[in-house]
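Novice: Just so we're aligned, residue 249 is where the sequence shown starts under the working numbering, counting upward by one.
Calculated from the structure, these hints are not laboratory results.
Just so it is clear, the structure is predicted and the values come from calculations on it, not from any experiment.
The reader is advised that the hints may include incorrect statements.
What the hints assert, rightly or not - Label-pair ranges, simulated between beta-carbon atoms: (1) F254 - E320: 19 to 25 Å; (2) F295 - P357: 17 to 23 Å; (3) H281 - V322: 16 to 22 Å; (4) E346 - Q250: 20 to 26 Å; (5) T301 - V331: 17 to 23 Å; (6) Y333 - S297: 28 to 34 Å; (7) N323 - H281: 31 to 37 Å; (8) A255 - E299: 27 to 33 Å; (9) S257 - N323: 20 to 26 Å; (10) V324 - P357: 21 to 27 Å.
Positions of the beta carbon are idealized from the N, C-alpha and C atoms, including for glycine.
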Amino acid sequence: MQVSKFAVSDAEFERSPGQEGDIFAGNVIDQRHGGPVTIGFGRYGPFQSLEETMLVHDTMVVLEGRLTVSTETVNVTAGPGEVIYMPKGETVTIRSHEEGAVTAYVTYPHWQEARD
Numbered sequence: 249m250q251v252s253k254f255a256v257s258d259a260e261f262e263r264s265p266g267q268e269g270d271i272f273a274g275n276v277i278d279q280r281h282g283g284p285v286t287i288g289f290g291r292y293g294p295f296q297s298l299e300e301t302m303l304v305h306d307t308m309v310v311l312e313g314r315l316t317v318s319t320e321t322v323n324v325t326a327g328p329g330e331v332i333y334m335p336k337g338e339t340v341t342i343r344s345h346e347e348g349a350v351t352a353y354v355t356y357p358h359w360q361e362a363r364d
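Between the sequences and the hints, there should be enough to build the whole structure, so can you do that?
Specialist: Quick look at the structure:
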C-alpha cells in the first residue's frame, strides 16, 4: 500500500448491509488492500434511519448535510466538517435530516469482516 488520495466519486456505493432504506456505503480501502482499517464514503438520502450495534470502532466525518446519532444516553448532531465517533459495542441510531448527508468513515477493524 502506498500514499493514496480518494474522492467520493472513487467509491462504488452499495446499499448498507441489512438495510432497505436509501443508505449506501462505498469502501475505497479495506481488507483487500492489506491495511488495518476500512476507509470509505457513506451516502444517506433525506430522512433515513439506521439502527445498529457497532461491530467495529467507527469514525464518521460529515462532508455534506447533517446526521444525528443517538444512543440511550447521548444525542449528537453533526454537520459539514464535524466528526462523530461510535465505539464498538454501542447501539446507535443514525438519522439523516431533510438534506440527506454524505460522510467519510474509518473503521477498525474492517466492518465487512466483522459482519461475516
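Novice: Is 20 to 26 Å respected by the C-beta to C-beta distance linking E346 and Q250?
Specialist: violated, 40 Å
Novice: The hint says 16 to 22 Å between H281 and V322; measuring C-beta to C-beta, is that right?
Specialist: violated, 33 Å
Novice: Within 17 to 23 Å: is that where the Cβ-Cβ distance between T301 and V331 falls?
Specialist: Cβ of T301 to Cβ of V331: about 21 Å, so the range 17 to 23 Å holds.
Novice: Holds or violated: 27 to 33 Å for the Cβ distance of A255 and E299?
Specialist: holds, 29 Å
Novice: In this structure, is the beta-carbon distance linking F254 and E320 contained in 19 to 25 Å?
Specialist: With a Cβ separation near 34 Å, F254 and E320 fall outside 19 to 25 Å, so the hint is violated.
Novice: Quick check: does the Cβ-Cβ distance between S257 and N323 fall within 20 to 26 Å?
Specialist: violated, 32 Å
Novice: Do the beta carbons of Y333 and S297 sit within 28 to 34 Å of each other?
Specialist: violated, 20 Å
Novice: Between V324 and P357, does the C-beta distance stay in 21 to 27 Å?
Specialist: holds, 24 Å
Novice: Measuring from beta carbon to beta carbon, are N323 and H281 in 31 to 37 Å?
Specialist: This hint holds: roughly 35 Å between Cβ atoms.
Novice: Between the beta carbons of F295 and P357, is the distance compatible with 17 to 23 Å?
Specialist: Once the Cβ atoms are compared, 31 Å apart, the range 17 to 23 Å for P357 and F295 is violated.
The structure fails hints 1, 2, 3, 4, 6 and 9 (numbered hints given earlier, in ascending order).
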